[in-house]
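2 protein chains.
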Amino acid sequence: MTFPFEIKATDGAARTGVLSTPRGEIRTPAFMPVGTAATVKALTTDQVAATGADIILGNTYHLMLRPAAERVQRLGGLHKFMGWEKPILTDSGGFQVMSLSNISKVTEEAVTFASHIDGSRHVLSPERSIAIQADLLGSDIVMQLDECVSWPAEPDRAREAMLLSARWAQRCKTAFGTRDSQALFGIQQGSTFQDQRKESADRLTEIGFDGYAIGGLAVGEGHEAMCEVLDYAPGMLPVDRPRYLMGVGKPIDIVEAVARGVDMFDCVLPTRSGRHGQAWTWEGPVNLKNAPFADDDQPLDASIACPASRDYSRAYLHHLVKSQEILGQVLLSWHNLAFFQALMAELRAAIAEGRLDAFRRDFKARQRVRV
Amino acid sequence: MTFPFEIKATDGAARTGVLSTPRGEIRTPAFMPVGTAATVKALTTDQVAATGADIILGNTYHLMLRPAAERVQRLGGLHKFMGWEKPILTDSGGFQVMSLSNISKVTEEAVTFASHIDGSRHVLSPERSIAIQADLLGSDIVMQLDECVSWPAEPDRAREAMLLSARWAQRCKTAFGTRDSQALFGIQQGSTFQDQRKESADRLTEIGFDGYAIGGLAVGEGHEAMCEVLDYAPGMLPVDRPRYLMGVGKPIDIVEAVARGVDMFDCVLPTRSGRHGQAWTWEGPVNLKNAPFADDDQPLDASIACPASRDYSRAYLHHLVKSQEILGQVLLSWHNLAFFQALMAELRAAIAEGRLDAFRRDFKARQRVRV
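Going line by line, the protein sequences match chains A and B. Take the first sequence: its letters are residues 0 to 370, numbered as in numbering that gives the first Met the number 0. Take the second sequence: its letters are residues 0 to 370, numbered as in numbering that gives the first Met the number 0.
The following block holds chain A by itself, in its conformation from the complex:
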């Protein structure tokens, strides 16, 4: 059986609904905070949950290297280890093997790589990725291992990776088998080539997954090129299953992707920005280091029910950032996650009420860069 996915309303290509898992409901469109190394950086799981996050993401690459997937299993699985009871989606490890590890070699069989931490050699095959995610970490939503080419990619190179990803998709599906309380998502590849995206979608759909991710975007192609792919890519995937745009993104990216039929997102942006003094607002990102904030007694956003957004002045946050206080990183990470969740809630409401176009226009008009 697969996780029930109820689409409650549509507005153009956009949808809002609920993906039901044994660990709780995921309201879509959903933003998943990234908990790379078994921690959403700088925040307690209570703080993350308080922002309204229904699900977080864990990184297989990081966790297999440290503390090691077998250790997480011995300690009761990733949920227990990090103290998060709601759903967790894990990525396959493939993307980060290729972007973070010192050396990586891709063969038909597997990816071989050297750890960026200690240089130790590891092999990640489709079967091993599934075992780590599903059996050792105990993820709720497991991602297939894929090969994500960098951008720009030659068509032949992109197609080669797309086809390898499709063959690995089948091996992941076989390794995953049938499970009562875990789901497996396939990943569409094909770079910015429409025919390859279609071929990828068809191959995945034929295998059959509980959800479908759009991979290979947000790798440097830019907002416009990404939107062009999103004009057609989501529609190639089964309408009755969740669609997950991996590694995206800025609020404006999310709004545009939701309008094109995407249901799930993950990105390090809110927490990474927060650690660097940047706060996301309805008017765009602001850098709290800037001098005008030194005497600004207003909170970041009193309308957001998060202490970090509501209970501290920008002057205080400015002071913390200037003083390089950890609490500044904590509060800005927390606010940013709360802002992203507030954005998702607004998107869900706009779709449910059939006013997504108006929301999107207003949002784009307000979002500007003040720094």
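Derived from the structure by calculation, the hints contain no laboratory data. Backbone N, C-alpha and C fix where the C-beta goes; we use that ideal spot for every residue, glycine too. Please note that the accuracy of each hint is not assured.
As the list claims (entries may be wrong) - Simulated coverage check for chain A against chain B, where a stretch passes if three residues somewhere in it have a Cβ under 8 Å from a Cβ of chain B: (1) 67-81; (2) 301-314.
What the hints assert, rightly or not - A short list of chain A residues far from chain B (calculated; beta carbon distances all over 10 Å): (3) 85; (4) 280; (5) 288.
Said to hold, decoys possible - Selected chain B positions facing chain A (in silico; Cβ < 8 Å): (6) 36; (7) 45; (8) 65; (9) 66; (10) 73; (11) 82; (12) 293; (13) 306; (14) 310; (15) 311; (16) 314; (17) 315; (18) 319; (19) 322; (20) 324; (21) 329.
Mind docking chain B on chain A? Use the hints.
Quick look at chain B alone, frame taken from chain A:
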């Protein structure tokens, strides 16, 4: 009027009671977490309050330099600025001027110094210290400006500083005047010289303060030498007013000082240790980086009602510390503050029940260094 101080029970020289302030009751013996730059490092004020802290300490030196005391006043005072509604004690700035600033020059009139942040020149007089603490920051308990000599000190040098401190005590008292909702504490000096401690105490008592601090300890003299001074120094101070041992300390220091009649403490140790991977326990400090913790599925202390102490395994904390995750610094700082507050609660209960000697013996037997 002064803050009512009700001593509810004594056990030998030790006392337990309540110091009542308009912003709330301070149960004594009390430990004050240090909120140097308007933040108890790495923690939200809610997290600090949840450990049972009745009062925190703010540093005048840091705050006068950044964000500047006048700015804090414009933003509504220190309580509002940092989001802490319970009492705040501020130090006078003197100790840190002498230990942190680039250049400092002490005259009868004031201390002149250069900021360690930007080299800017500042003058801190007794009157200015009171104005910063009482009028600009809005502290609840204001400390006199004093001169704290380093250790070891020649008797003549120590006496010179003690006498200057006594003259500054009078000037601080005059500048402070009479206030309805703020208290002023004098500071006993005299290094490790009993006659000077007595002379200092007599001069302060003659001026009359709402409370009396023991300064000039925990400056390198070591546990034994400190205990020797504490054998006589607290008893020289008025019995009906709170006694505050500044900058102390390790749990064992606190236990010994409480047994000798001290009521209040502050120290950066729990938060500083926490940021460096060290957790304080009933068995002493432990370094979470150590390999044996990698597979330790037990919490730091399930008996302490703090999420950081109770809800995460040592294996998880080990992982966070090894991975240099901010959350590791947060959770260990939080646990350490909760442990220190648990220690104070145990001390209060032991005094109230007349079993402090037994508690002290047990405590010393258990406290050992495991790292």
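Query raised in the report: What hints, given by number in increasing order, does this structure fail?
Result: none
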